[in-house]
Amino acid sequence: MKEKFLEVIKEALDVESVEIELTDKLADFDAWDSMARLSLIALLDEHFEVEVTDAEFDKTETVQALFELVKTRMA
Amino acid sequence: MANLSYTNVGITSMAGAIPKNKIVNREYTSYFPKDVVMDIVDKTGVEERRFATKDQTASDLCQAAAEQLFLDNSIEKSEIDILLFITQTPDYRMPATSITLQHRLGLPKTTAAFDINLGCSGFVYGLSVAYAYATMPTVRKVLVLDGETRSKVYHPKDRKTGFIFGDAGVAAIIEKQEVGNSYFSLNSDGSKSDLIKIDAGGYRNPSSSETTQEKVVDANGNIRTDEHGYMNGPDVFNFVLREIPKNIKEILKFAGKNLEDFDYVVFHQANKFMNDYLAKKLKLESTKVPSTIAKYGNTSSVSIPITIVDQLRYKLEGEKQLFLCGFGVGMSWATAVIPTKNIKISKLVEL
Chain W
10 MKEKFLEVIK EALDVESVEI ELTDKLADFD AWDSMARLSL IALLDEHFEV EVTDAEFDKT
70 ETVQALFELV KTRMA
Chain S
33 MANLSYTNVG ITSMAGAIPK NKIVNREYTS YFPKDVVMDI VDKTGVEERR FATKDQTASD
93 LCQAAAEQLF LDNSIEKSEI DILLFITQTP DYRMPATSIT LQHRLGLPKT TAAFDINLGC
153 SGFVYGLSVA YAYATMPTVR KVLVLDGETR SKVYHPKDRK TGFIFGDAGV AAIIEKQEVG
213 NSYFSLNSDG SKSDLIKIDA GGYRNPSSSE TTQEKVVDAN GNIRTDEHGY MNGPDVFNFV
273 LREIPKNIKE ILKFAGKNLE DFDYVVFHQA NKFMNDYLAK KLKLESTKVP STIAKYGNTS
333 SVSIPITIVD QLRYKLEGEK QLFLCGFGVG MSWATAVIPT KNIKISKLVE L
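Respectively, the protein sequence lines represent chains W and S.
Take 10 as the starting number for the first sequence in this note's numbering and just add one per residue.
Take 33 as the starting number for the second sequence in this note's numbering and just add one per residue.
If you're looking for bench data, these hints aren't it; they were derived computationally from the structure.
Glycine is no exception: its CB is placed at the ideal position from the N, C-alpha and C atoms.
Any given hint might turn out to be false.
A few chain S positions that, by computed beta-carbon distances, are all more than 12 Å from chain W [claimed, not checked]:
1. N290
2. S323
3. K347
Ranges of calculated distance between the beta carbons of each label pair, as one might list FRET restraints [claimed, not checked]:
4. K315/S <-> T62/W: 19 to 29 Å
5. D226/S <-> V59/W: 19 to 29 Å
6. T71/W <-> G234/S: 39 to 49 Å
7. A40/W <-> T85/S: 30 to 40 Å
8. S106/S <-> A40/W: 54 to 64 Å
All chains should be built: construct the whole structure from the sequences, respecting the hints.
If you want it as structure tokens, here you go:
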């Protein structure tokens, strides 16, 4: 699931050629704006059937934190 | 659950009007760098929009649409018993703009006129009201006018909304017609009223020198006043994904139909990304889902009927089944199953 999740993050951040690590900070990516959030919402819905709110995105600092949130929500 | 159904009421004619003033989004770079603008346009799919001039209002657009509709269909004005005007950008705070339109359109004083204050769900809601009146034995024709000047609502320095919205107006006649059953589902969730909102300028937070002051509103440096609209796009999208497929399932069950039964499925034109994903999630064929998001942007309540007028003008001859779905500010959402028979659609008016 981790690989699929990282793929989803890469697609949402529009950085398919860059490797993404769980420790990366979302805010460090130029593309991390409300449009990227729209992409991520669609991808999380499509692949994991999980909803993450805008306020939760605001509070989520790292890729790892978002991964944990999605895992909890899937359980 | 507001599930409604009507028998043998239909839309018999429609017309639309848009401002001449065309905004080409990829050249709309006064406030944001070109690459940022290109990204926004790529994603939202809004290439062009129409902006009303300073002196043009939503009711002007609707008046032009109505006059075209009267002319093309030789409508006897004395037969219009009800006039509904759907808008959130009225001419005045009072009186209701619909009443000024009764006079401006030369309708009789026996015409009932009132406004309906709803956004993206407004056309479907308004249609349900029109259908209810039209079923009554004493009512001959209901004139539905639906107009918006959303360009005046959002601030050009707020990138979350500054590239999406546009202006348009439509007119439609609703009356008794042998078309069979129509179905509506109307819904509201006021707990999410702050997802799309204008904070000030009403009576809760009256207009003042403070509310008209431009200010930076977020970490991205977006600028607006408290009297401009704002939108939490991600949570609107979450709301749409949660509620709309569920609501569509419910109304289809209520109507005893499947999505494949429809000739056209007309969604509120929110933005291309959101609409494309919704259509994909619902497994809809793209040929059945007309779109005007690239030409006119998001015109709030007008987006469904302007898409019908613009895209289906020659495609609604004979008997057809339309599925309509509007969602947005409120939050408010509405879906409808609308059988049609030879709707006469006028050529779009530009003014």
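Comparing the hints with the structure gives:
no.	hint	result
1	N290	23 Å, holds
2	S323	17 Å, holds
3	K347	29 Å, holds
4	K315/S <-> T62/W: 19 to 29 Å	26 Å, holds
5	D226/S <-> V59/W: 19 to 29 Å	23 Å, holds
6	T71/W <-> G234/S: 39 to 49 Å	41 Å, holds
7	A40/W <-> T85/S: 30 to 40 Å	36 Å, holds
8	S106/S <-> A40/W: 54 to 64 Å	56 Å, holds
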